[in-house]
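Chemist: So the chains spell out like this:
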Amino acid sequence: MEALIDSSGAAAPRSAAKPDAFELKGVMTSLAVLRLFSLDLMLMERQLRIKIAHLPQFFQDAPVVLDLGGLALGGAEVTFGPLIRLLRECHLVPVAITNASEAGRANAVAEGLGVMPYRATRNATRAAVTVPRGEPAPQAAPGEITRVVRAPSRTAPADDRRTPIRTIAVEDMPTPAPVVAPAPVAPPAAPAPRVARGARPAMVVRQPVRSGQVIYAEQSDLIVLGPVNPGGEVIADGNVHLYGLTRGRVIAGAQGYGEAQIFCQRLEAELVGVAGAFMMAEDIPAKRRGKSARISSVDGACRIEDL
Amino acid sequence: MSKVVVVASGKGGVGKTTTSANIAAGLAQKGHKTVAIDFDVGLRNLDLVLGCERRVVYDFVNVIKGEAKLNTALIRDKRIENLFVLPASQTRDKDALEPEGVGRVLEELKGMGFEYIICDSPAGIEKGAQMAMYFADEAIVVANPEVSSVRDADRVLGLLSAKTNRAEVGKTIKSHLLLTRYSPAMVKKGEMLSVSDVLELLGIPLLGVIPESKAVLQSSNKGTPAIMDDTTDVAQAYLDVVYRFLGEEREQRFIDEEKKGIFRRLFG
Chain A
512 MEALIDSSGA
522 AAPRSAAKPD
532 AFELKGVMTS
542 LAVLRLFSLD
552 LMLMERQLRI
562 KIAHLPQFFQ
572 DAPVVLDLGG
582 LALGGAEVTF
592 GPLIRLLREC
602 HLVPVAITNA
612 SEAGRANAVA
622 EGLGVMPYRA
632 TRNATRAAVT
642 VPRGEPAPQA
652 APGEITRVVR
662 APSRTAPADD
672 RRTPIRTIAV
682 EDMPTPAPVV
692 APAPVAPPAA
702 PAPRVARGAR
712 PAMVVRQPVR
722 SGQVIYAEQS
732 DLIVLGPVNP
742 GGEVIADGNV
752 HLYGLTRGRV
762 IAGAQGYGEA
772 QIFCQRLEAE
782 LVGVAGAFMM
792 AEDIPAKRRG
802 KSARISSVDG
812 ACRIEDL
Chain B
702 MSKVVVVASG
712 KGGVGKTTTS
722 ANIAAGLAQK
732 GHKTVAIDFD
742 VGLRNLDLVL
752 GCERRVVYDF
762 VNVIKGEAKL
772 NTALIRDKRI
782 ENLFVLPASQ
792 TRDKDALEPE
802 GVGRVLEELK
812 GMGFEYIICD
822 SPAGIEKGAQ
832 MAMYFADEAI
842 VVANPEVSSV
852 RDADRVLGLL
862 SAKTNRAEVG
872 KTIKSHLLLT
882 RYSPAMVKKG
892 EMLSVSDVLE
902 LLGIPLLGVI
912 PESKAVLQSS
922 NKGTPAIMDD
932 TTDVAQAYLD
942 VVYRFLGEER
952 EQRFIDEEKK
962 GIFRRLFG
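Residue numbers (this note's numbering), protein chains in the order written: chain A, 512 to 818; chain B, 702 to 969.
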């Protein structure tokens with residue numbers, strides 16, 4: 512602000528051009544999420560200090576988002592004042608809440624916290640069709656792409672119910688467009704898009720996907736360079752790109768992302784599915800077999816087109 | 702430098718034990734100190750194929766359990782120098798195999814100067830098969846030119862890249878394909894998968910093709926590995942496999958139907 516009021520009196524040349532006071536940008540960044548399980552502030556402070564002692568630089572003045580989904584009433588019972596003070600004393604900067612009930616959200620907003628749309632993380636329910644059988648895929652185990660930093664486990668007591676803080680997870684969460692002060696009235700938390708487009712790089716699988724292997728690209732696109740053999744299964748919450756001969760099962764938009772598509776160089780699949788719509792091998796028209804294809808979901812049914 | 706080689710297939714009856722016996726015999730004939738271990742606990746077979754069933758006193762499980770010394774359990778082949786067999790137990794069940802014990806025995810064999818340790822895997826993908834592959838450096842995956850066998854081989858290749866010691870430390874297991882019971886005549890008629898069909902699906906290098914032959918059955922019953930009678934095509938095929946396994950270039954044979962000369966067509 513001071514830069515605009517030039518005390519020397521000399522007219523700043525750019526002031527004539529009425530420079531913009533700000534630039535509004537949407538950025539993707541990583542934020543620590545503090546998932547609360549208890550409101551026992553003393554217990555929380557003790558455990559928080561132990562965790563911070565392990566990674567002091569990491570937590571110094573770090574903005575944190577409070578996930579209230581682990582509390583019984585979704586945060587309705589939280590008195591935010593003391594909680595915020597406690598966190599500030601620990602050099603954490605609470606900026607927003609997420610996954611809260613209506614009442615919890617109102618409480619938080621009244622205390623100057625922002626509201627973040629809640630996005631399902633690795634604990635979220637998977638689509639019913641993706642029951643991984645047998646051994647998980649080795650080269651790209653589900654969860655590998657979810658960058659969850661577990662707090663040092665040695666300090667965490669085994670009993671979760673007595674632990675107010677179970678994990679401090681660093682996640683790629685889309686940050687709402689920044690505002691100068693904590694949002695006085697945040698927009699109502701609209702259901703976040705299930706797949707944050709561009710939030711995560713696509714998972715790339717170079718090895719052949721063999722019978723019995725299941726590859727799941729959580730919250731991202733999946734690129735498979737080799738073949739998908741019969742009995743193999745590739746699943747993504749985003750799009751699936753297949754460069755080899757595809758004879759196994761392919762599912763895109765596994766969590767219901769309707770815009771997801773399958774791009775395939777040579778389609779011989781046992782089953783294809785997009786956002787809950789499925790097509791078995793016998794339903795795939797003969798003229799599409801062995802050719803390149805693009806598969807999308809239209810009105811709840813799979814549609815196969817030329818690539 | 703010892704090499705642990707697993708012979709696996711997933712599906713039963715495709716020729717794992719025959720392959721283990723012949724490759725072990727072939728490597729030993731070439732002067733490499735070799736041991737073949739039967740991992741099929743409860744269904745002892747390898748000793749029969751290698752013709753030493755009457756000499757089994759102690760077995761692999763006895764050694765794992767510390768009930769016998771490795772040296773006393775190992776059976777030295779009377780015909781081929783450098784060839785040893787560690788038979789499976791006929792009476793125990795496969796739970797007797799546990800990674801620690803298996804690893805200890807393999808280390809001891811390495812210490813005894815064995816160059817090749819051939820692990821004859823049981824069928825299936827259960828514990829016995831997983832133990833056989835767990836410590837492997839290389840794998841010979843045996844398949845018949847038939848859809849279900851190839852599918853199972855694919856499954857086994859997936860397990861080799863996931864559930865083995867090497868996979869756990871981020872290394873790969875070099876896998877070779879051995880196609881057994883191959884009949885070019887049937888392939889020609891479209892009744893059997895061709896070599897290229899199988900290779901396209903499995904995507905691993907071809908170690909060799911063993912033709913369908915009565916000689917395999919006869920040699921099993923006699924307890925003499927087929928490779929020892931080098932007049933048969935099976936012996937020739939296995940010899941090629943052994944040479945290729947040792948790194949020599951050998952042209953693939955037995956893939957195309959043999960052209961019968963006019964003489965053989967008249968009299969053959």
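Keep in mind that the hints were calculated from the coordinates and are not lab data. Hints are not guaranteed to be accurate.
[Claimed, not checked] Under the rule of at most 20 Å between Cα atoms (straight-line distance), these lysine to any residue pairs were calculated in the SDA-like manner:
1. B:K875 / A:Q718
2. B:K915 / B:P885
3. A:K802 / B:K864
4. B:K864 / B:H877
5. B:K872 / A:G737
6. B:K864 / A:R717
7. B:K704 / B:K734
8. A:K802 / B:K734
9. B:K872 / A:R717
10. B:K875 / A:R717
11. B:K731 / B:R780
12. B:K872 / A:Q718
13. B:K875 / A:G737
14. B:K704 / B:K915
15. B:K712 / A:G742
16. B:K864 / A:Q718
17. B:K734 / B:T773
18. B:K864 / B:D838
19. B:K872 / A:G742
20. B:K872 / A:V715
21. B:K712 / A:K802
Chemist: Compare the structure with each hint and give your call.
Modeler: Going down the list of hints, with the structure as the test:
1. B:K875 / A:Q718: 14 Å, holds
2. B:K915 / B:P885: 15 Å, holds
3. A:K802 / B:K864: 34 Å, violated
4. B:K864 / B:H877: 17 Å, holds
5. B:K872 / A:G737: 19 Å, holds
6. B:K864 / A:R717: Since the Cα atoms of K864 (chain B) and R717 (chain A) sit roughly 18 Å apart, the hinted pair holds (cutoff 20 Å).
7. B:K704 / B:K734: 11 Å, holds
8. A:K802 / B:K734: Roughly 51 Å separates the two Cα atoms, so the pair is violated.
9. B:K872 / A:R717: 15 Å, holds
10. B:K875 / A:R717: With a Cα-Cα distance of about 16 Å, the restraint between K875 (chain B) and R717 (chain A) holds, given a limit of 20 Å.
11. B:K731 / B:R780: 13 Å, holds
12. B:K872 / A:Q718: Between K872 (chain B) and Q718 (chain A) the Cα gap is close to 13 Å, so the pair holds against 20 Å.
13. B:K875 / A:G737: 18 Å, holds
14. B:K704 / B:K915: Roughly 31 Å separates the two Cα atoms, so the pair is violated.
15. B:K712 / A:G742: 15 Å, holds
16. B:K864 / A:Q718: Distance ~15 Å between K864 (chain B) and Q718 (chain A) Cα, so the pair holds.
17. B:K734 / B:T773: Between K734 (chain B) and T773 (chain B) the Cα gap is close to 17 Å, so the pair holds against 20 Å.
18. B:K864 / B:D838: Satisfied, since the Cα-Cα distance of roughly 13 Å is no more than 20 Å.
19. B:K872 / A:G742: 24 Å, violated
20. B:K872 / A:V715: 18 Å, holds
21. B:K712 / A:K802: The hint is violated at about 31 Å.
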